[in-house]
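Visitor: Since the structure of chain A is already known, use the hints to place chains B, C and D on it.
Number of protein chains: 4
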Amino acid sequence: MLAIMNNRKTTAILLVHCPDQPGIIAVVTDFITVNGGNILYLDQHVDTVQNVFFMRVEWELERFVIPKDKIGEYFDTLYASKYRMYFRLYFNDYKPRMAVFVSKISHCLYDLLARYTAEEWNVEIPLIVSNHTDLEHVAVRFGIPFHVFPVTKDNKATQEAAELKLLKESRIDFIVLARYMQIITGDIINAYPDKIINIHHSFLPAFAGAKPYHAAFERGVKLIGATSHYVTTELDAGPIIEQDIVRISHKDTVNTLIRKGRDLEKIVLARAVEKHIERKVLTCKNKTVVFN
Amino acid sequence: MLAIMNNRKTTAILLVHCPDQPGIIAVVTDFITVNGGNILYLDQHVDTVQNVFFMRVEWELERFVIPKDKIGEYFDTLYASKYRMYFRLYFNDYKPRMAVFVSKISHCLYDLLARYTAEEWNVEIPLIVSNHTDLEHVAVRFGIPFHVFPVTKDNKATQEAAELKLLKESRIDFIVLARYMQIITGDIINAYPDKIINIHHSFLPAFAGAKPYHAAFERGVKLIGATSHYVTTELDAGPIIEQDIVRISHKDTVNTLIRKGRDLEKIVLARAVEKHIERKVLTCKNKTVVFN
Amino acid sequence: MLAIMNNRKTTAILLVHCPDQPGIIAVVTDFITVNGGNILYLDQHVDTVQNVFFMRVEWELERFVIPKDKIGEYFDTLYASKYRMYFRLYFNDYKPRMAVFVSKISHCLYDLLARYTAEEWNVEIPLIVSNHTDLEHVAVRFGIPFHVFPVTKDNKATQEAAELKLLKESRIDFIVLARYMQIITGDIINAYPDKIINIHHSFLPAFAGAKPYHAAFERGVKLIGATSHYVTTELDAGPIIEQDIVRISHKDTVNTLIRKGRDLEKIVLARAVEKHIERKVLTCKNKTVVFN
Amino acid sequence: MLAIMNNRKTTAILLVHCPDQPGIIAVVTDFITVNGGNILYLDQHVDTVQNVFFMRVEWELERFVIPKDKIGEYFDTLYASKYRMYFRLYFNDYKPRMAVFVSKISHCLYDLLARYTAEEWNVEIPLIVSNHTDLEHVAVRFGIPFHVFPVTKDNKATQEAAELKLLKESRIDFIVLARYMQIITGDIINAYPDKIINIHHSFLPAFAGAKPYHAAFERGVKLIGATSHYVTTELDAGPIIEQDIVRISHKDTVNTLIRKGRDLEKIVLARAVEKHIERKVLTCKNKTVVFN
Numbered sequence: 000m001l002a003i004m005n006n007r008k009t010t011a012i013l014l015v016h017c018p019d020q021p022g023i024i025a026v027v028t029d030f031i032t033v034n035g036g037n038i039l040y041l042d043q044h045v046d047t048v049q050n051v052f053f054m055r056v057e058w059e060l061e062r063f064v065i066p067k068d069k070i071g072e073y074f075d076t077l078y079a080s081k082y083r084m085y086f087r088l089y090f091n092d093y094k095p096r097m098a099v100f101v102s103k104i105s106h107c108l109y110d111l112l113a114r115y116t117a118e119e120w121n122v123e124i125p126l127i128v129s130n131h132t133d134l135e136h137v138a139v140r141f142g143i144p145f146h147v148f149p150v151t152k153d154n155k156a157t158q159e160a161a162e163l164k165l166l167k168e169s170r171i172d173f174i175v176l177a178r179y180m181q182i183i184t185g186d187i188i189n190a191y192p193d194k195i196i197n198i199h200h201s202f203l204p205a206f207a208g209a210k211p212y213h214a215a216f217e218r219g220v221k222l223i224g225a226t227s228h229y230v231t232t233e234l235d236a237g238p239i240i241e242q243d244i245v246r247i248s249h250k251d252t253v254n255t256l257i258r259k260g261r262d263l264e265k266i267v268l269a270r271a272v273e274k275h276i277e278r279k280v281l282t283c284k285n286k287t288v289v290f291n
Numbered sequence: 000m001l002a003i004m005n006n007r008k009t010t011a012i013l014l015v016h017c018p019d020q021p022g023i024i025a026v027v028t029d030f031i032t033v034n035g036g037n038i039l040y041l042d043q044h045v046d047t048v049q050n051v052f053f054m055r056v057e058w059e060l061e062r063f064v065i066p067k068d069k070i071g072e073y074f075d076t077l078y079a080s081k082y083r084m085y086f087r088l089y090f091n092d093y094k095p096r097m098a099v100f101v102s103k104i105s106h107c108l109y110d111l112l113a114r115y116t117a118e119e120w121n122v123e124i125p126l127i128v129s130n131h132t133d134l135e136h137v138a139v140r141f142g143i144p145f146h147v148f149p150v151t152k153d154n155k156a157t158q159e160a161a162e163l164k165l166l167k168e169s170r171i172d173f174i175v176l177a178r179y180m181q182i183i184t185g186d187i188i189n190a191y192p193d194k195i196i197n198i199h200h201s202f203l204p205a206f207a208g209a210k211p212y213h214a215a216f217e218r219g220v221k222l223i224g225a226t227s228h229y230v231t232t233e234l235d236a237g238p239i240i241e242q243d244i245v246r247i248s249h250k251d252t253v254n255t256l257i258r259k260g261r262d263l264e265k266i267v268l269a270r271a272v273e274k275h276i277e278r279k280v281l282t283c284k285n286k287t288v289v290f291n
Numbered sequence: 000m001l002a003i004m005n006n007r008k009t010t011a012i013l014l015v016h017c018p019d020q021p022g023i024i025a026v027v028t029d030f031i032t033v034n035g036g037n038i039l040y041l042d043q044h045v046d047t048v049q050n051v052f053f054m055r056v057e058w059e060l061e062r063f064v065i066p067k068d069k070i071g072e073y074f075d076t077l078y079a080s081k082y083r084m085y086f087r088l089y090f091n092d093y094k095p096r097m098a099v100f101v102s103k104i105s106h107c108l109y110d111l112l113a114r115y116t117a118e119e120w121n122v123e124i125p126l127i128v129s130n131h132t133d134l135e136h137v138a139v140r141f142g143i144p145f146h147v148f149p150v151t152k153d154n155k156a157t158q159e160a161a162e163l164k165l166l167k168e169s170r171i172d173f174i175v176l177a178r179y180m181q182i183i184t185g186d187i188i189n190a191y192p193d194k195i196i197n198i199h200h201s202f203l204p205a206f207a208g209a210k211p212y213h214a215a216f217e218r219g220v221k222l223i224g225a226t227s228h229y230v231t232t233e234l235d236a237g238p239i240i241e242q243d244i245v246r247i248s249h250k251d252t253v254n255t256l257i258r259k260g261r262d263l264e265k266i267v268l269a270r271a272v273e274k275h276i277e278r279k280v281l282t283c284k285n286k287t288v289v290f291n
Numbered sequence: 000m001l002a003i004m005n006n007r008k009t010t011a012i013l014l015v016h017c018p019d020q021p022g023i024i025a026v027v028t029d030f031i032t033v034n035g036g037n038i039l040y041l042d043q044h045v046d047t048v049q050n051v052f053f054m055r056v057e058w059e060l061e062r063f064v065i066p067k068d069k070i071g072e073y074f075d076t077l078y079a080s081k082y083r084m085y086f087r088l089y090f091n092d093y094k095p096r097m098a099v100f101v102s103k104i105s106h107c108l109y110d111l112l113a114r115y116t117a118e119e120w121n122v123e124i125p126l127i128v129s130n131h132t133d134l135e136h137v138a139v140r141f142g143i144p145f146h147v148f149p150v151t152k153d154n155k156a157t158q159e160a161a162e163l164k165l166l167k168e169s170r171i172d173f174i175v176l177a178r179y180m181q182i183i184t185g186d187i188i189n190a191y192p193d194k195i196i197n198i199h200h201s202f203l204p205a206f207a208g209a210k211p212y213h214a215a216f217e218r219g220v221k222l223i224g225a226t227s228h229y230v231t232t233e234l235d236a237g238p239i240i241e242q243d244i245v246r247i248s249h250k251d252t253v254n255t256l257i258r259k260g261r262d263l264e265k266i267v268l269a270r271a272v273e274k275h276i277e278r279k280v281l282t283c284k285n286k287t288v289v290f291n
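Chains as they are written, first to last, in numbering that gives the first Met the number 0: chain A, 0 to 291; chain B, 0 to 291; chain C, 0 to 291; chain D, 0 to 291.
If a hint is listed, it holds; no wrong ones were tucked in.
One copy or two, either will do: identical chains are not told apart, so a pair holds if it fits within one copy or between any two.
Computed list of lysine to aspartate or glutamate pairs in DMTMM-like fashion (alpha-carbon distance at most 25 Å, straight line):
no., residue 1, residue 2
1, Lys259, Asp243
2, Lys67, Glu123
3, Lys259, Glu123
4, Lys284, Asp42
5, Lys259, Asp46
6, Lys259, Glu273
7, Lys210, Glu119
8, Lys279, Asp19
Simulated from the structure, these hints should not be mistaken for laboratory data. Since we're looking at a predicted model, the values are computed, not measured.
Looking at chain A on its own, in the form it has when it is part of the complex (with noise of 0.2 Å):
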């Protein structure tokens, strides 16, 4: 049930999460097979703490009954109210749109871009933010607008709302921001909920905040780590969507740790961005399910 990487047919992907109760999975696959769809996946979660279920399918609309524009409106009306569902559904023929936001460090630039242009995702890159000037020349190669808005204490909130504006203007659905090195505040985060995606240089909440290398070199730890996750107000404390680490040793300095942990941080970011591309990545309460 894998969604075939070149399939070109056109799909429907449904996230929903709701209360827990019994029979949900039969109430919603009868939906979709009834009404001609065909079920190229299918995957659940029950939170039995939380008591909330979570469920994501796909399926083809080549002989799927509903129009494809009504298939939102047909599922709350029938299901979602009477069920108390939040759900959410896309289409696999609609690229998201993804800004990148970068300080002076180019590992993970480089690495969406590639990905990017290589075409391993589904998705659409039309610019690239950034507080500095320094990796203009990596977006000039792969020919994506350069967007640069300076931060000073000062000039914070007035930049921010410029970027917002520049945001909502090219239609971004998602933020990724690429070891962007200023925080974020407010007026963005609420814009985009569960919609921003972090990578911090650790394994939180280990060294949450500034210079977690040099941190994680003091404490004598023997593997260093990084965490994607999505930005919330609370600094490096928003829900983790990926986690991996590497091996170190006492031969280690601070500079092979920031050297180790590049290729870390580039990899655990792009998984994240794929979950989240591929509409797998569900959110509660500051937790993720995140199906394969």
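Guide: Leaving out everything else, chains B, C and D in the frame of chain A:
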């Protein structure tokens, strides 16, 4: 939907595989919920290459209207033949009976018996079989009958017949080869299809056969592995249940590979045995589906 | 230069750390080779931040001209004071004496005793200490004296004094806290500096203190860890010897975290204990150098 | 002793291997320190099976009394012949010149060029060679000459001769096959012994040859791997520099194996290339010693 360990309510576990076709999940979950079963766990998989559907569903029997001893018959009559399902039905109040085969190396045996004694697993270990007496003291420590069947070229058929007789008399459900250094032949294998779990001390298919650590050292690999698989009549070629690796370096000798491999072997074997006991492994055409 | 496990020749092991300065390796290796020692192992490290040199060297004594009981004195006189070296000298024909402290959870204890009984390690385990009687049956199985010291707020000082007396009388060299659920206080810690090895069931410094699996579940991390460290008077803050992690997902409950954590804990603890027994751990300013 | 990345002082790097014998470390470190060299890095290894000693030592030349262009001659005369040493001498102020060979798949190429452009490595990439034009656009983005040599059965010898001529004229020191889908034959291999680094998309020796992901899928393994090795005339059988794996499951298709493998391939290749550039790989009898 993960079954909670210390859940004492009786549950039924249904494992199904059949040709993929629309609506099977709906049919099966409907069968359970309509008849009063509360689903605790559901996972499913479609092998899109073979077009085979796999499913594991577990539900509480407390208010289930079909008597426990009739569930299999009803499901067979109503659905299995109609959908050409191959199915198995288990109940969590039965402890599967596991025989352990060993030779001279103790680490896997100790690990299995420690888990058994600590009641980590829902399993019974009525006996240990060996072709040597070396590990009898371990069996004695844990109070488990130890049966010695010394095997030579000449007596192999006779000894295996005697082993099989013992296994049958002791109502053994499945066998774990915990570094048993004797090739088991057809009669036992055929009596326990997908019910004999072996641990091979390499990352199969690399280094099948004898002395894999020596071969790994010779080749100069940078990782060594262990593989747990069901035993088939073709040596080291049965369906793989679990694999893992550990990093090595030029500093390792064959002796240190053997030492590092020990931890790997016992953990990989234990993971496979646990999945088997939890009825989470399905096999089809020499491959496994291992549910979480 | 890796010492071969079944090497029965007597060797000396010298651990050194001192301010870094040119030529130390030459001086030490010269001391050994000129006097007829055959070097089996040499590893060294320079902490360029603290400017400290670390070294571990092991050599065969067969043709070494300095008598075994004079080596320390000679090395001290000729080199240690000159180069301001802190050094320790061990011989492989002495088995360090290890005490195991446990409470109610058995997996680490079983793992340690299985290795001990199988003679994986060059160690003696003369006794087990516990604040509960629950695991006495494990000690009995392996024939090791089990001493119970029930600890309450009121009797803690007295009991620790009694424990310390027992440890001294039994000539215990180092202590392993194998999921010992009592905080050990100053007198014992000060009597065994860098000689008490604890296993903490989290990826420190994340989730220090009580109930780390609950905290990890609450935070929604995607990996859980275990950390083995030397005990200092600051809780969960001593020098880290070894860490590792295992991947988890949204499907895991606190119960399955605890189950998955068990395997992690016992392996991470065993790796640390092994390094300690092999005299491959040096500490300096709350960090460790762990040689291969 | 780890060379600090942004260290701008000139250093010499000496790689040595020779029959193991007492006192070699003392001799070599003495040679350096007596003549005014400050040792920044020293690592050594003894292969106790082959009885071969390996060493890598790096020192600052600032106050070294032997002129840079005479060091090799002096070391050869004074020590190398006496101790039957095979040695190589490098200086960190020379950037090794690396050619990249590619075909149609871009992820490894992008990754190498991003590191190059970000100056992660002390390397020069004067040219890219390909048997196809597909990736010319990548070379153009990064401003690196791209040379196309279409290879057929009939013209292979001629084309390889032309490639070799280009490599020689461009003073190429080593070659990276970044998913180059053509078997390179004897003349080029013999001209670059232990200087051609390939990435093979399997955990060698498993799944050597063509289509390893298909073979891995067919066998039902639970981990897939990637292997970086020096190219020898025997296909996929040269000395292994680095390997790593990623966990897969029954949910993966050949397509998702290919996707997951991409990240693995580029990281494993980059680690091997980095070690090669840092002069930390020594080879002997089809195995590598890879220093930290």
